[in-house]
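Undergrad: Spelled out, the chains give:
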Amino acid sequence: MNSATFLIWVRETGFLIASSIFIIGLTIRFFEIFMLGRKKDLSEPKGCAMRGGFKTIFTRFLPQDSNTFQRSYFIIIAGYVFHIGLLVALFLLVPHIELIRAALGFGWVGLPTPVVDFLTVLSLISMLALLWHRLTNPVLKMISDAGDYTAWILTFLPLLTGYLAYHHLFFDYTWLLAFHILSAELLMIMLPFTKLMHTFTIFVSRFYGGAISGHKGVQV
Amino acid sequence: MNQLSLEERLRLHGVSRRGFLKFCAATASLMALSPAMIPRIAAALENAKRPSVIWLSFQECTGCTESITRSHSPSLESLIFDAISLDYHHTLQVASGDAAEHAREQAMKDNWGKYILVVDGSIPLGNKGFSTIAGISNVDMLIETAKGAAAIVAVGSCAAFGGLPKANPNPTGAVSIDMIIKDKPIINVPGCPPIPVVMTGVLAHFLTFGTLPELDHLKRPKAFYGQNIHDRCYRRPFYERGQFAETFDDEGAKKGWCLFKLGCKGPTTYNACATTKWNGGVSFPIESGHGCLGCSEPNFWDAGSFYAPLSTPIGHVAQNAGYALAAGALAGAAIGFANKQKSSQAIEKHEEITVNDLIKGETK
Amino acid sequence: MQPLEKTGNILPLLHEIRHALEDLLATGQTMVIDLQAMPFAPSELVELKEILGVGEVSAELHALGKSTIQETAFSGAWWIVHFNIDEKMISQTIEICHIPAILMAQHADIQMGLQQLSSTLGGVSL
Chain P
1 MNSATFLIWV RETGFLIASS IFIIGLTIRF FEIFMLGRKK DLSEPKGCAM RGGFKTIFTR
61 FLPQDSNTFQ RSYFIIIAGY VFHIGLLVAL FLLVPHIELI RAALGFGWVG LPTPVVDFLT
121 VLSLISMLAL LWHRLTNPVL KMISDAGDYT AWILTFLPLL TGYLAYHHLF FDYTWLLAFH
181 ILSAELLMIM LPFTKLMHTF TIFVSRFYGG AISGHKGVQV
Chain Y
1 MNQLSLEERL RLHGVSRRGF LKFCAATASL MALSPAMIPR IAAALENAKR PSVIWLSFQE
61 CTGCTESITR SHSPSLESLI FDAISLDYHH TLQVASGDAA EHAREQAMKD NWGKYILVVD
121 GSIPLGNKGF STIAGISNVD MLIETAKGAA AIVAVGSCAA FGGLPKANPN PTGAVSIDMI
181 IKDKPIINVP GCPPIPVVMT GVLAHFLTFG TLPELDHLKR PKAFYGQNIH DRCYRRPFYE
241 RGQFAETFDD EGAKKGWCLF KLGCKGPTTY NACATTKWNG GVSFPIESGH GCLGCSEPNF
301 WDAGSFYAPL STPIGHVAQN AGYALAAGAL AGAAIGFANK QKSSQAIEKH EEITVNDLIK
361 GETK
Chain X
1 MQPLEKTGNI LPLLHEIRHA LEDLLATGQT MVIDLQAMPF APSELVELKE ILGVGEVSAE
61 LHALGKSTIQ ETAFSGAWWI VHFNIDEKMI SQTIEICHIP AILMAQHADI QMGLQQLSST
121 LGGVSL
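Residue numbers (the numbering used here), protein chains in the order written: chain P, 1 to 220; chain Y, 1 to 364; chain X, 1 to 126.
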């Protein structure tokens, strides 16, 4: 197989497989979660559960108190830089927007490539720093399992191959582009079944937490 | 006539030695060789005999022949063509039928082991009868003619990679030359069609040095196919700045912005178009306002729409997503019910335990 | 249209010419630089031509189309452009030498001319 036919494969068959597993996986996970249901809370409501739930989805984007921030400022800053860089690269790079347009029928305006490139580099550095932190912090190291490292690799690969492809580094561009798409497809396939599912469930769990507090009248 | 060297032939055309040296300088530039090679080129061409060329056309559209014969005349390309002895080309030659086939057989016999075989078009393996010349199937004629060739030049994407005939679902079972011939040096000169000077440049290299030029992993001469269209494209700065034409007639298109969104395949295409250009150096597709089709890459016809950006998937994405969603919902609901069942069964199995039961248990 | 970025290839090329001229003086070593093998923005070639300037010698050759041979302001550096019969440029080089080889009368051409002259003289009775 040469690079051109490999690129066609990942754009055609590979994408078909990956997108199918991604959608099927996500749907199954959500059906499972929502069908579990929750026990009816019989206690007298002391506040609005709905309000608490929706509010928490947004308030949790920021550290809740200065003490928490001071204790974990490295993880918070590096975590934010990496997540923002990742989301910008994913949703504001023109070739990616064109992919979304082709799949969903709508798109939006992208950022100039050098801006995306800069944020991608920051993202890569942050991810390496976070990995180093995970490997050197005794507590974090102890509670990390294979799932954490899998999630890291699955996220790091598309960013890295995308960066290499854009700068034409080390390999032929066609191979790099094909590997980049393949790594993204691997991410799509694994996302519903790994810790990466937090991409979607984070909002659900924030809502539940907020709703419980809201029902109890706890300030959120 | 065939015994005369190239310089002697040029002299017959009234070309002086100075003209010959100039020809050598241009040939070096054409073959993308260092000017330091000019004396070597001159020395080689002084003695170069007119090589015999047999040109076979199989499943093709004659676009490659059109491309090479419509190159500016009398240009360097035509001079080089004059420097070879084209002994068989069934589209161009006057003779037909048996006489034509005899010309091929005669050329093969006279130049056994020394002639260059040029092939355009792919070879159908599905049924030998799909494409024949004088009653001889393409595959038989290729194998027979390849036996005595010094080298094979696969001209055009069909001969090099299977091209259009091989496009999905490949009804004729078309294959490229190198799928059939394994024991001869093969140079692929893909393109739909290839740039004329690239075709003649390869012939010039063989004529000059009697060897093949340096080839890449797809057997393409690096001198011409080592360049990435996107890297050499004069519209590249617009790509970097994120300035894209959205349609073929919007403001961006008029300002010459990048054609990525309109499906340009320049980033994954290797060819000399951006520097050598077409029609005597006038322009190349991107300069004329149309994206690159990627015609010098394998299976370019199956790489999705010409007008879909390179980063988009090929095929019925939305339809497939719908099926996947339905399948996921069914499976999810089934698993959800099973989970519910499991939890209610677990609840049913719960036994009420009283204090008395515990005391009984202790006394046991 | 916005101006395209420059390639920045002029300065290294000028250094290359300087080294080549030094070599020519010291050892008699000649050199040819193929300008078509380097990417230049269209404005850069004009700029390069301005920097190199026009020297004392300017010649025109007519063989397989026109050629222009122009000594630059830096003696020993020549700007040579070959055109084909269609007046399409087929080669553009800078040569570092005492005199470009293409200007020298060639043995084969002298021989040919000599033959013609002799036959002309043979047919003329003095």
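Treat the hints as calculated values from the structure; they're not laboratory data. Certain hints may be false.
No more than 25 Å apart at the CA atoms, straight line, and that leaves these computed lysine to aspartate or glutamate pairs for DMTMM-like [said to hold, decoys possible]:
#1 K277/Y - E47/X
#2 K255/Y - E287/Y
#3 K277/Y - D86/X
#4 K39/P - D183/Y
#5 K128/Y - D216/Y
#6 K219/Y - D98/Y
#7 K255/Y - E44/X
#8 K39/P - E348/Y
#9 K340/Y - D41/P
#10 K40/P - E352/Y
#11 K40/P - E351/Y
#12 K49/X - D86/X
#13 K222/Y - E87/X
#14 K40/P - E348/Y
#15 K88/X - E287/Y
#16 K277/Y - E87/X
#17 K66/X - E46/Y
#18 K340/Y - D172/P
#19 K66/X - E287/Y
#20 K277/Y - D172/P
#21 K349/Y - E32/P
#22 K128/Y - D98/Y
#23 K342/Y - E12/P
#24 K222/Y - D172/P
#25 K349/Y - D41/P
#26 K342/Y - D41/P
#27 K219/Y - D172/P
#28 K277/Y - E44/X
#29 K277/Y - D34/X
#30 K39/P - E8/Y
#31 K88/X - E44/X
#32 K88/X - E66/Y
#33 K49/Y - D109/X
What the simulated footprint calls covered on chain Y by chain P, stretch by stretch (three residues with Cβ under 8 Å from a Cβ of chain P suffice, anywhere in the stretch; the number is not a length) [as the list claims (entries may be wrong)]:
#34 105-116
#35 308-314
All of these numbers come straight from a predicted model, not from anything done at the bench. Glycine residues also receive a C-beta, built at the ideal position from the N, C-alpha and C atoms.
Undergrad: Go through the numbered hints given earlier and state which of them the structure violates, listing their numbers in rising order.
TA: 4, 5, 6, 13, 18, 19, 23, 30 and 34
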